[in-house]
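S.K.: Spelled out, the chains give:
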Amino acid sequence: MTVVRGARSRCCIVGIGQSEYTRWGGIKDRSQFQVTAEAILSALDDAGLRPEDVDGLSSFSNDSNEANLMQVALGIPKLRLASMVWSGAGGGTCGSISLACSAIESGRADVVVAYRGLCQGQGKRFGRHGQGRVNGNFVDPFGLMAPPQMLAMIVQRFMHLYPITAEHLAEVALNARANANRNPFAVMHDRALTREDYFAARWIAEPLRLYDCCLETDGAAAVVITSAARARDARSRPVEILSAVQGSGPGWGSGALSGHNMPDADYASTNCRALAAELFGSAGLTPGDIDVAQIYDHFSGMVLMALEDLGFCGKGESGAFVASGALRWPDGELPINTSGGQLSEAYVHGMNLVVEGVRQMRGTSTSQVADAKTCLVTGGLGVAPSSAMILGRNG
Amino acid sequence: MSWFADDMPRPVPHMDDAAFWEGCAERRLLFQHCAGCSTARHPPTPICPVCRSSATQWREAPAHAEVYTYTVIHYAAHAAVKDRLPYVAAVVSFAGLSGVRLVTNLTDCDPGRVRIGMPVRLWWDDIGDGQYLPRFAPLEREASS
Chain D
1 MTVVRGARSR CCIVGIGQSE YTRWGGIKDR SQFQVTAEAI LSALDDAGLR PEDVDGLSSF
61 SNDSNEANLM QVALGIPKLR LASMVWSGAG GGTCGSISLA CSAIESGRAD VVVAYRGLCQ
121 GQGKRFGRHG QGRVNGNFVD PFGLMAPPQM LAMIVQRFMH LYPITAEHLA EVALNARANA
181 NRNPFAVMHD RALTREDYFA ARWIAEPLRL YDCCLETDGA AAVVITSAAR ARDARSRPVE
241 ILSAVQGSGP GWGSGALSGH NMPDADYAST NCRALAAELF GSAGLTPGDI DVAQIYDHFS
301 GMVLMALEDL GFCGKGESGA FVASGALRWP DGELPINTSG GQLSEAYVHG MNLVVEGVRQ
361 MRGTSTSQVA DAKTCLVTGG LGVAPSSAMI LGRNG
Chain L
1 MSWFADDMPR PVPHMDDAAF WEGCAERRLL FQHCAGCSTA RHPPTPICPV CRSSATQWRE
61 APAHAEVYTY TVIHYAAHAA VKDRLPYVAA VVSFAGLSGV RLVTNLTDCD PGRVRIGMPV
121 RLWWDDIGDG QYLPRFAPLE REASS
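Protein chains in written order, with the UniProt record's numbering: chain D, 1 to 395; chain L, 1 to 145.
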């Protein structure tokens, strides 16, 4: 039976699908578009649905797998929602799901697929200079050209303001790798990472070393969202979306991806503080109620900030929090990124984190948190808008 | 010779930010201010976010600033930076110019000596075709060693 908390029935994720995940350039036999379409079909099959049942497609910024083409490729007879959430790159991961929920709750769509395909071997590498960045005039001529460099600036100031050290960044990376080593689908499944390896690795953009930065990979992932009523017929166990929000605090604009003119009080942050109150309030939960989390780990330091901004610990306390072993499966206070995350599973602009969040609520993760009933998932951090959601175990 | 190689991406001014780059071409670091309420803003936007006036003034920044944050970049995201590795990209702020920070480079400084709060001074880098870019160096020359 579907559990309904609060005043209204909530939407559910009823299907998850993913392609194989490979290192950058590893998928050579199919196009990114095909890989993405296959991930969608896989998610529909998981839900016990067919493309004929789908009437909404939702994604987020910069998606090159256009909904109109996807409709044709999958043979969707009638599309009622074809929408993309604005955001800085991965900021909209959970925003695309929030949008799907809004459409379903308002009757604009019944079955929406949120998806992301990202084969960097076939397109541009995010670690390289990218043309056409908003306000690129204010960064490119100064050699600030790619996200690891841009977000290193925020992490540097964060470490200046608070007692955060390289050891704390390392813990985020080492935790991700330990979880990936249990996940056979993770790109880094077979590769151990020690503390010594972490510190011996090359600098990318100080204070970020190689293992502080997410992978560059090929892959796709998709989830199917529908109403709680319709979710009762799903083939797989439905997972409730207790809350899904997107948005931004004031003054971010192109933020860390360009002018770095966010308000001083928010500079060394994920831009999630403004979201957190609504995220938890709408779910009727507090950070202490969260059993497991998938936190967008494009860069290790941003995960530390997120732990603070979302209220899992106080400002400046994330270093001590992670040093206590809080992130570690199975016994930590808040196991995170249990599939290996984007540091060690794959970089699919966060959609792989969403898929892992669903697995945790189904009880099928390779680093399953015992009796987990709630999972917080975030979209990209330190960009605007950002997004987040809380998933709930059904029944 | 510009500080980066000649094939470094150049600013491509558009209607909303052209006045900034025209200022740079005259070696004047001009930031957009609201003509109504004097609020400074950067990157340029057409409307004041405080009073919503679209009337603007361009006022010159002080030549001295301080490092707000920085990163030492160790890999080439573009071929034009290869000969500069490792180099320092910095965000600088200006006394009396609340709300404005500028992404720039910190030059003439051992990357290992850069610190947040370090005072820096503006210099103009000639990138050719009449365009100059604002870059910064430590205010006090490093003690020679």
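Quick caveat, the hints were computed from the structure, so don't treat them as lab data.
Given the structure is predicted, the values throughout are model-derived calculations rather than measurements.
Treat the hints loosely; a few may be bogus.
Restraint ranges, calculated between C-beta atoms of paired labels, are given here [stated by the list, open to error]:
| no. | chain 1 | residue 1 | chain 2 | residue 2 | range |
| --- | --- | --- | --- | --- | --- |
| 1 | L | 108 | D | 72 | 52 to 62 Å |
| 2 | D | 106 | L | 37 | 17 to 27 Å |
| 3 | L | 128 | D | 160 | 32 to 42 Å |
| 4 | L | 54 | D | 106 | 28 to 38 Å |
Residues of chain D clear of chain L, computed beta-carbon distances all greater than 10 Å [said to hold, decoys possible]:
| no. | residue |
| --- | --- |
| 5 | 137 |
| 6 | 140 |
| 7 | 193 |
| 8 | 277 |
Just so you know, even glycine gets a beta-carbon here, dropped at the ideal spot from N, CA and C.
S.K.: Compare the structure with each hint and give your call.
M.R.: We went through each hint and held it up to the structure:
1. L:108 x D:72: 52 to 62 Å: 57 Å, holds
2. D:106 x L:37: 17 to 27 Å: This hint is violated: roughly 39 Å between Cβ atoms.
3. L:128 x D:160: 32 to 42 Å: 36 Å, holds
4. L:54 x D:106: 28 to 38 Å: Given a distance of about 35 Å, which is inside 28 to 38 Å, the answer is holds.
5. 137: 4 Å, violated
6. 140: Per Cβ check, residue 140 of chain D is inside 10 Å of chain L; nearest 4 Å; violated.
7. 193: Residue 193 of chain D clear of chain L: closest Cβ-Cβ about 20 Å, beyond 10 Å.
8. 277: Fine: 23 Å to the nearest Cβ keeps residue 277 of chain D off the interface.
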